[in-house]
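Novice: Now for the letters of each chain:
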Amino acid sequence: AQSVTQLGSHVSVSEGALVLLRCNYSSSVPPYLFWYVQYPNQGLQLLLKYTSAATLVKGINGFEAEFKKSETSFHLTKPSAHMSDAAEYFCAVSVLVSYGKLTFGQGTILTVHP
Amino acid sequence: GAVVSQHPSRVICKSGTSVKIECRSLDFQATTMFWYRQFPKQSLMLMATSNEGSKATYEQGVEKDKFLINHASLTLSTLTVTSAHPEDSSFYICSARETRRSRDLQPGTDTQYFGPGTRLTVL
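Quick note, the sequences are listed as chains A and B, same order. The opening position of the first sequence corresponds to residue 1 in the working numbering, with each subsequent residue numbered one higher. The opening position of the second sequence corresponds to residue 1 in the working numbering, with each subsequent residue numbered one higher.
Take the hints with a grain of salt, since some may be wrong.
[As the list claims (entries may be wrong)] Below, a list of computed lysine-lysine pairs in the DSBU-like style, where the Cα atoms sit at most 35 angstroms apart:
| hint | chain 1 | residue 1 | chain 2 | residue 2 |
| --- | --- | --- | --- | --- |
| 1 | A | 58 | B | 41 |
| 2 | A | 101 | B | 66 |
| 3 | A | 101 | B | 64 |
| 4 | B | 14 | A | 101 |
| 5 | B | 20 | A | 58 |
| 6 | B | 20 | A | 101 |
| 7 | A | 69 | A | 101 |
| 8 | B | 14 | B | 64 |
| 9 | B | 41 | A | 68 |
| 10 | B | 64 | B | 41 |
| 11 | B | 14 | B | 41 |
| 12 | B | 41 | A | 69 |
| 13 | A | 58 | A | 68 |
| 14 | B | 20 | B | 55 |
| 15 | B | 20 | B | 64 |
| 16 | B | 66 | B | 14 |
If you are wondering where the hints come from, they were derived from the structure by calculation, not from laboratory data.
Based on the sequences and whatever the hints tell you, model everything.
Specialist: Shown next, in the form of structure tokens:
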């Protein structure tokens, strides 16, 4: 079975500062990894996904993530935080044999202050 | 982009009644839809996988007789919470995976598009 651990349930940054949200996964087979963002009372929006191509994945809104197999990590970064980035972020994993079933991490709430 | 809608967005019901939640893919066909449950300040937990024209597959610990799923068309899946109780109060979210016909695509990599969620409160 697959699992995801997001380190830090809350992250707070200043506007313009680097955003780093941590995600570590566990999987016995090659994983597919995803980052989703959830705004209050809304569904999830895909930011980016890793599907065994390039290890550095660029997504929407200036976010990117790097797949590091040796560290079993898929951390999400953004060079400069905007106020509009404040939301909850979820890392998720799926594997080929699960046919798209996603296993989510616990989520990280990102707060951006002026 | 692909849009998934859910109806209703909020529902309050009395204990013992049944509630139906609809999930629709508005501009694409979805052979597979997923139903999740999210408790306050917790992550999404997959409840079941809904496949058009066949029975849903439920995750371990999810009562299939309590959470009835019907996926009658390529754009609609419904979740009915039967005989609801206060502990069923939660945020229910569906997602839809776009149906594609390429042999090269790996199912695990298909993007899932999420609905906005339905807040169920059982009194």
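Novice: Each hint: holds or not?
Specialist: Now for the hints, and whether the structure bears them out:
no.	hint	in the structure
1	58/A - 41/B	holds (28 angstroms)
2	101/A - 66/B	holds (21 angstroms)
3	101/A - 64/B	holds (18 angstroms)
4	14/B - 101/A	holds (32 angstroms)
5	20/B - 58/A	violated (38 angstroms)
6	20/B - 101/A	holds (23 angstroms)
7	69/A - 101/A	holds (21 angstroms)
8	14/B - 64/B	holds (21 angstroms)
9	41/B - 68/A	holds (28 angstroms)
10	64/B - 41/B	holds (25 angstroms)
11	14/B - 41/B	holds (24 angstroms)
12	41/B - 69/A	holds (29 angstroms)
13	58/A - 68/A	holds (15 angstroms)
14	20/B - 55/B	holds (17 angstroms)
15	20/B - 64/B	holds (14 angstroms)
16	66/B - 14/B	holds (16 angstroms)
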